[in-house]
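Trainee: One line per chain: the protein sequences are A and B, in this order. According to our numbering, the residues represented by the first sequence are 24 to 535, in order. According to our numbering, the residues represented by the second sequence are 24 to 535, in order.
These are calculated hints, taken from the structure and not from any lab test. Just so it is clear, the structure is predicted and the values come from calculations on it, not from any experiment. Be careful, since some hints might not be right.
One copy or any two copies: either way a pair holds, since identical chains are not told apart in the list.
Below, in silico cross-link-like pairs of lysine-lysine (DSS-like), each with a Cα-Cα straight-line distance of 30 Å or less [to be verified]: (1) Lys414 <-> Lys440; (2) Lys421 <-> Lys440; (3) Lys421 <-> Lys120; (4) Lys318 <-> Lys231; (5) Lys440 <-> Lys120.
There are 2 protein chains.
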Amino acid sequence: MFFVNFLVSLWFLTFILDFQVIYEIEMKKGNININIIFRVLGSLLFIEAFFLLISLIVAVIYNEDDIFAFIYSIAIALSVGFLSRVFTNASKKDIGKREGFIIVSFVWIIFSFVGSLPFILSGYIPNLTDAFFETISGFTTTGSSILTDIESLPHGILFWRSIIQWMGGMGIIVLSLAILPILGIGGMQLFAAEVPGPVPDKLHPRIKETAKRLWLIYVFFTIAEVILLLLGGMNLFDAINHSFTTMATGGYSTKQDSIAYWDSPYIHYVIIIFMIIAGTNFTLAYFALKFKFRKVFRNEEFRYYIGFILFFSIIISLIIYYNTSTGFEKSFRDSLFQVVSLMTTTGFATVDYMKWIPFTIVLLFIVMFFGSSAGSTGGGIKTMRIVLLMKNSLAEFKRLIHPQAVVQVRFNNQSVKPQIIYNILAFVVFYIVIFVMGTILMAAMGLDLDSAMGSVIATLGNIGPGIGSVGPVENFSQIPDLGKWLLSFLMLVGRLELFTVLILLSPSFWRK
Amino acid sequence: MFFVNFLVSLWFLTFILDFQVIYEIEMKKGNININIIFRVLGSLLFIEAFFLLISLIVAVIYNEDDIFAFIYSIAIALSVGFLSRVFTNASKKDIGKREGFIIVSFVWIIFSFVGSLPFILSGYIPNLTDAFFETISGFTTTGSSILTDIESLPHGILFWRSIIQWMGGMGIIVLSLAILPILGIGGMQLFAAEVPGPVPDKLHPRIKETAKRLWLIYVFFTIAEVILLLLGGMNLFDAINHSFTTMATGGYSTKQDSIAYWDSPYIHYVIIIFMIIAGTNFTLAYFALKFKFRKVFRNEEFRYYIGFILFFSIIISLIIYYNTSTGFEKSFRDSLFQVVSLMTTTGFATVDYMKWIPFTIVLLFIVMFFGSSAGSTGGGIKTMRIVLLMKNSLAEFKRLIHPQAVVQVRFNNQSVKPQIIYNILAFVVFYIVIFVMGTILMAAMGLDLDSAMGSVIATLGNIGPGIGSVGPVENFSQIPDLGKWLLSFLMLVGRLELFTVLILLSPSFWRK
Chain A
24 MFFVNFLVSL WFLTFILDFQ VIYEIEMKKG NININIIFRV LGSLLFIEAF FLLISLIVAV
84 IYNEDDIFAF IYSIAIALSV GFLSRVFTNA SKKDIGKREG FIIVSFVWII FSFVGSLPFI
144 LSGYIPNLTD AFFETISGFT TTGSSILTDI ESLPHGILFW RSIIQWMGGM GIIVLSLAIL
204 PILGIGGMQL FAAEVPGPVP DKLHPRIKET AKRLWLIYVF FTIAEVILLL LGGMNLFDAI
264 NHSFTTMATG GYSTKQDSIA YWDSPYIHYV IIIFMIIAGT NFTLAYFALK FKFRKVFRNE
324 EFRYYIGFIL FFSIIISLII YYNTSTGFEK SFRDSLFQVV SLMTTTGFAT VDYMKWIPFT
384 IVLLFIVMFF GSSAGSTGGG IKTMRIVLLM KNSLAEFKRL IHPQAVVQVR FNNQSVKPQI
444 IYNILAFVVF YIVIFVMGTI LMAAMGLDLD SAMGSVIATL GNIGPGIGSV GPVENFSQIP
504 DLGKWLLSFL MLVGRLELFT VLILLSPSFW RK
Chain B
24 MFFVNFLVSL WFLTFILDFQ VIYEIEMKKG NININIIFRV LGSLLFIEAF FLLISLIVAV
84 IYNEDDIFAF IYSIAIALSV GFLSRVFTNA SKKDIGKREG FIIVSFVWII FSFVGSLPFI
144 LSGYIPNLTD AFFETISGFT TTGSSILTDI ESLPHGILFW RSIIQWMGGM GIIVLSLAIL
204 PILGIGGMQL FAAEVPGPVP DKLHPRIKET AKRLWLIYVF FTIAEVILLL LGGMNLFDAI
264 NHSFTTMATG GYSTKQDSIA YWDSPYIHYV IIIFMIIAGT NFTLAYFALK FKFRKVFRNE
324 EFRYYIGFIL FFSIIISLII YYNTSTGFEK SFRDSLFQVV SLMTTTGFAT VDYMKWIPFT
384 IVLLFIVMFF GSSAGSTGGG IKTMRIVLLM KNSLAEFKRL IHPQAVVQVR FNNQSVKPQI
444 IYNILAFVVF YIVIFVMGTI LMAAMGLDLD SAMGSVIATL GNIGPGIGSV GPVENFSQIP
504 DLGKWLLSFL MLVGRLELFT VLILLSPSFW RK
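Here chain A stands alone, though its shape is the one from the complex (with noise of 0.2 Å):
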């Protein structure tokens, strides 16, 4: 034990000097300042140093055998966080664009290897492939398993595989209303943040007050959904639990049967809610919790958000109602479930789809494209970006018939950019791209047709289950080890917007 354990310092002695590395070259290559790099993802692991404690004390409340991997998990995170500050001098101005998207993308990484040491020292994952899928899948919120038996493991592992994901969907609530936008990625222009900030003018004070707001609007709610799971008869651990993979559309859960165990229609129903806060635009909760009700029933993203959850469950209601001797409260209440997971990209099940009738299969895979809003915890192309979609292929018929008038898209009662129609046009064939390759390659590795599919959607949009072989009841444990980094790699790609990431696969990012 103590051998992995020092193997597993050693590599991650040898990870920054790596770093240091690449810092060299790349300070003589294009005069990114790999300094404040550095020190950013540096000060981030004592945050995350900070919930590795709290899931230190759920082991140690628990008293189970998992308390010695999180001692040492937190003393690797946080020397890891403190040589990165000794060795590194910058303020925080230096923070330029493509400093911007470094750091973006690289905490993810990062934060997903510091995060697989409880799982690998605790000798529950004992495979670093394995362990890095189960920490990406949850920081991106994602919620595909590798994991067999859940309730095997303790307590303090289960905790933090659940805390996991609620931190990553505080980062992406950030992320996607307050960075994001600025680096002008895939129309996020249009879901910057309304949230109003003391000093909107500069930007560090801006993102931080907005930190603060939202996360306090994500604390609320799940403090909320965890009393409303008590009062279901749900015990306070699992209700902590799944308010955090709730609130973070994750899906992780602490029972392999996911919610299927509760055979309770409050349970469900509570979850089904939390769910859809969880997949709508945090801004809107906002007002919301301010009672400004007509400004976000009048917000058309969130109308067709509840349109599309209400179109896709009551077809798939009917049919499992008309085909199947099931009654019409559970038909509905197993489709709106099963949608609203697939469609917020949470990933819960309360029954496994892949039995149900083709059709109802074909249904699911298509809203597991469509996502949650913008500006929420979930993934997917976004219900924003597909009406967009919507609106400007109509328009485009217009403008073929009368080429030379102006036809112009409009959205929440404002004429949307030509720009912006662009950005989310090239982001969507992109997206189609993205997937057609995850789906070669993993075919490439004996997955068939439609797991190959399955697995890549399920990663790509943050979703957790697919079809096939990765369907609900499913997990990723039989997926070959190269195609879990390839899925986590998709997770990541997914989870920031793909250009964010692949931007720097490009060589003239690196080029000043």
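Once you have looked at the hints, place chain B on chain A.
Mentor: Relative to the frame of chain A, chain B by itself:
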């Protein structure tokens, strides 16, 4: 039998009367000149009557029981054509853009209705749905068939089936190189024929002259293929039929087993070469026949087209060679044949690729989306659009890093206008939306996901065979009637570059 004929004739009369009603309405509504539409469509029916006459001659030569079916069909085609000329009075100068869209879409529908008469009247495909499906599948050079025992058909009917495809091929060459670019659809401006016409300023003589030259090339290659197939030991009837359907990238065969019927490498390679030619822009063929080979090889679309074929063929042949006991030459030939057949959207088969390992099926499924070159008889998204999409994706990264820089996409050493790039992005998104909606509808009719996707891409891409239950050794007979009509519609939508047909469904098209 007489009764059936009587009914069909009656149906055609009501068909015409219906049009007169629509005509009255539309005249008042939007000033669309229905007169000229009827006149042009009527005149074109004389062409179809001419090809029916050729098939009649074949039927008479073989003296089988399909002779009267052709005589009746010719009579109906001529009378409908004659009537539409008698009752209309308009000059060709009255063809505006909107009339152009209507004529271009409706000519395929009317040709398919008239063209299905020999099948119905001869009793070999008594059902209207099946006969229409088989005929529009022919005219759009798709090649999806509902027939389960092709060899049992008389020679006249078989010949009609093949010449329908040849006619469709002729139609699409003129459309895609001379007419659609004028209508400005999905970046088609780029594909305009470079074949020098005598009066480049005036539209009508230019189309006529371009058509004449391109058709000469088409006939030349068809005759060349007939001769080469005869040399390979194929009989004259089969050689003519297969040359017709190769050059049209149609894929109808006179044998149930398609090209697998001939176990001759020579025949396979001859057909591969002519499929490749048929999938090439006919403007390039024009240059090749004028010995301007440099102009051909400098063409970027051609280079990528050959590149994609080699890329996929080599990968698949290596997979087959290393995973089965098939010899090297046969592995290569089978892979090349299937890749060329699907990429050019011909649809011939020498093996049942559904029996290959999942990975090769996934690769072939991807190939189905690529399609042939623009300005060929092939369907699909088209190499040029795929290449411009790839190039634009790379440019997108540069734009993201350097928002101020003007990053241009170049093709054939010329910079492509942003408007055309936008058109192509919109086209591809539309293609995928139609594919997805088609898949949902086919799944709603009971097909499983693979078969639903397979049947939609096979028809939308004008390929013929798909994957799943509509694979290369299967057929479309088991698809429900409603599904056959939907797939027929998709063939037309795919054949006419989406917008030409879909624009007719837009209300704003009909308003002035």
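Trainee: When Cα atoms must be at most 30 Å apart, do Lys318 and Lys231 count as within-copy, between-copy, both, or neither?
Mentor: For Lys318 and Lys231, only the intra-copy Cα distance (24 Å) is at most 30 Å; the inter-copy one is 60 Å.
Trainee: How would you label the pair Lys421, Lys440 (within, between, both, or neither) given a Cα cut-off of 30 Å?
Mentor: both (17 Å within a copy, 20 Å between copies)
Trainee: With 30 Å as the alpha-carbon cut-off, assign the pair Lys440 and Lys120 to within, between, both or neither.
Mentor: Cα proximity of Lys440 and Lys120: in one copy and across copies (23 Å, 28 Å).
Trainee: At 30 Å max between alpha carbons, let me know whether Lys421 reaches Lys120 within a copy, between copies, both or neither.
Mentor: between (38 Å within a copy, 14 Å between copies)
Trainee: Please work out whether the CA atoms of Lys414 and Lys440 approach to 30 Å or closer within one copy, between two copies, in both situations, or in neither?
Mentor: Result: close both inside a copy and across copies, 13 Å intra and 23 Å inter.
The structure is consistent with each of the numbered hints, conforming to all of them.
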